[in-house]
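Asker: In the order they appear, the protein sequences are chains A and B.
Going by the numbering used here, the first residue of the first sequence is number 1, and it counts up by one from there.
Going by the numbering used here, the first residue of the second sequence is number 1, and it counts up by one from there.
One side of the interface only, derived from the structure: several residues of chain B facing chain A at Cβ under 8 Å:
hint, residue
1, G185
2, L187
3, L189
4, T192
Note that these hints are calculated values from the structure, not bench results.
On a predicted model such as this, the values are computed, not experimentally measured, just so you know.
Heads up, the beta-carbon is just placed ideally off N, CA and C, and yes, glycines get one too.
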Amino acid sequence: MSIRVRSTNPTDDEAREALQGRPAEEHVPSHNITKPEGEPAFSISDLNFWYGTKQALTNVGLDIPRKKVTALIGPSGCGKSTLLRCLNRMNDLIPGVTIEGNVRYRSADIYGPGVDPVEVRRRIGMVFQKPNPFPKSIYENVAFGARVNGFRGNLDDLVEGSLQRAALWDEVKGDLKQSGLALSGGQQQRLCIARALANNPDVILMDEPCSALDPIATLKIEDLIRELSTDYTIVVVTHNMQQAARVSDYTAFMLTDEEITGQLIEYAPTEMMFTQPGDQRTEDYISGRFG
Amino acid sequence: MSFVEATPDAITLRAEGRVARRQAWSRASRWILLGATGVGLVVLVILGIDNAIVGIPSLDWDFLSSYPSRKAEIAGIRSSIFGSVWVLVFTVAFAIPVAVGSAIWMEEFAPQNAILTTVRLNIANLAGVPSIIYGILGLAVFVRLMELGPSILAGALTLALMILPMTVITSVEAINQVPPSIREGSLALGATRWQTVWYHVLPGAMPGIMTGTILAVARAAGETAALIMIGAFTFIAFDPALSFSGLLDSFTTLPIQVYNWTLRPQTEFRANAAAGIIVLMIAVIGLNALALVVRDRLRQS
Numbered sequence: 001m002s003i004r005v006r007s008t009n010p011t012d013d014e015a016r017e018a019l020q021g022r023p024a025e026e027h028v029p030s031h032n033i034t035k036p037e038g039e040p041a042f043s044i045s046d047l048n049f050w051y052g053t054k055q056a057l058t059n060v061g062l063d064i065p066r067k068k069v070t071a072l073i074g075p076s077g078c079g080k081s082t083l084l085r086c087l088n089r090m091n092d093l094i095p096g097v098t099i100e101g102n103v104r105y106r107s108a109d110i111y112g113p114g115v116d117p118v119e120v121r122r123r124i125g126m127v128f129q130k131p132n133p134f135p136k137s138i139y140e141n142v143a144f145g146a147r148v149n150g151f152r153g154n155l156d157d158l159v160e161g162s163l164q165r166a167a168l169w170d171e172v173k174g175d176l177k178q179s180g181l182a183l184s185g186g187q188q189q190r191l192c193i194a195r196a197l198a199n200n201p202d203v204i205l206m207d208e209p210c211s212a213l214d215p216i217a218t219l220k221i222e223d224l225i226r227e228l229s230t231d232y233t234i235v236v237v238t239h240n241m242q243q244a245a246r247v248s249d250y251t252a253f254m255l256t257d258e259e260i261t262g263q264l265i266e267y268a269p270t271e272m273m274f275t276q277p278g279d280q281r282t283e284d285y286i287s288g289r290f291g
Numbered sequence: 001m002s003f004v005e006a007t008p009d010a011i012t013l014r015a016e017g018r019v020a021r022r023q024a025w026s027r028a029s030r031w032i033l034l035g036a037t038g039v040g041l042v043v044l045v046i047l048g049i050d051n052a053i054v055g056i057p058s059l060d061w062d063f064l065s066s067y068p069s070r071k072a073e074i075a076g077i078r079s080s081i082f083g084s085v086w087v088l089v090f091t092v093a094f095a096i097p098v099a100v101g102s103a104i105w106m107e108e109f110a111p112q113n114a115i116l117t118t119v120r121l122n123i124a125n126l127a128g129v130p131s132i133i134y135g136i137l138g139l140a141v142f143v144r145l146m147e148l149g150p151s152i153l154a155g156a157l158t159l160a161l162m163i164l165p166m167t168v169i170t171s172v173e174a175i176n177q178v179p180p181s182i183r184e185g186s187l188a189l190g191a192t193r194w195q196t197v198w199y200h201v202l203p204g205a206m207p208g209i210m211t212g213t214i215l216a217v218a219r220a221a222g223e224t225a226a227l228i229m230i231g232a233f234t235f236i237a238f239d240p241a242l243s244f245s246g247l248l249d250s251f252t253t254l255p256i257q258v259y260n261w262t263l264r265p266q267t268e269f270r271a272n273a274a275a276g277i278i279v280l281m282i283a284v285i286g287l288n289a290l291a292l293v294v295r296d297r298l299r300q301s
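Same shape as in the complex, but just chain A:
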């Protein structure tokens, strides 16, 4: 796939030169960006992203803490899904994208030379907006990641354990042979979460995981997110501010305005963000004045 990645490693003169031509360089990052305590799971700096010539992210920089839930909020087109997909290199699949900047996962540069996107995605699981179970049995859905990754262990136990962690086991244990597509939307989404968990990832990325679900199913997923956060780093994109307030420890607010597309406006512990936002635009958004 035609992905161009420019590292912004300071020793890379060429990349610096390329960057200086961009108006993005003049943009001073907001000081409303908190640095979470402890070793971060992800450390993102100076991230710029283009679909073709259309910029989608501008100078995004933040640290995502380990074993916490981080919510990305903002109106449509603010780049939150793009940012999420930068974290497991799902954007590589889109032709003609350009990524600049630095995304570190623990000590590794996700876009560094020699990094294999397959290995990245194995460790960093993803759940999509629309539940997308494979048109196969529940069992095969959960076992798929293990199969392709050469899992050598008891597959039955893995499937059961993953379904239990995803709070789906009790509903499906009677018939694991039935098609994943026969489940309800909420169950399908939990199946997709179970499928991701079966890979034993460190991180789970969720791209608006509840937007296609009814309120009850949404509640179940939210409970699940809270529960999983004791063991996993979770990054969740959501349109729903109440959801961000309910499930997340940290919230990042992103915005596209007339001048700058996909900028990070504010990043803070969720409670602080929703009680004392540091930026007027954040306050306007969370109080429902726009978006």
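Mind docking chain B on chain A? Use the hints.
Answerer: This is chain B only, laid out in the frame that chain A set:
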């Protein structure tokens, strides 16, 4: 609500004026469209009946199990049935892996650029090339250059080449039917591109690929021109050997045999030709029916 006129007391709700004209046209269109369908059906039925009247008396076990002969009453289609089956089996064996492979490459691996668009367009064009052109190509390349002679192998390669564009196109379409979300789900779990293709894209595309393949085979089964061109227009009074060297035997096929008989001046051969057509028609209709059944079966699972 004062601007709404009061409903008149006497309201009929009948079609009048414009509505009546629109409805008349709508009623007429049904019959016009039925007529369009009817033309094709009527012609087919008349030809079928006419052919059946001439052919059915000759259609018996002897006809199916005898070799061709100078004498119309003892001539049969044994060698052409064997030839057709043999050639088609190898046509499929050559064409499908190449067609599915190139379709997968174009849809799943190739950079989507102008070159690929040109290639796609040209494959679509190749599907419209007359079969005789493929025959000339087969004659030059397989029969002469590769020195295969007018053999089963040369015939199968020529027909494989002929159905390749059509099979590629249907495979591409079938692959496109697989939703992108399935690919994303698979890749996000750490599957490689190939694993994604193998476990998800191919199974999802299989009904479409099978349908396209069977229809292409039905076309190859009725093919005459290309095979005559490579020199399959011969008198065959033996069964092809079940060995590799058997592939280099010369052969004949059903449509060629029918064509052969229609060229004879003796009227008795016309009955043979008609009987051959009946067998061929049954085979092709059978293949089409099989395509439908396979598609429905695979879709359900």
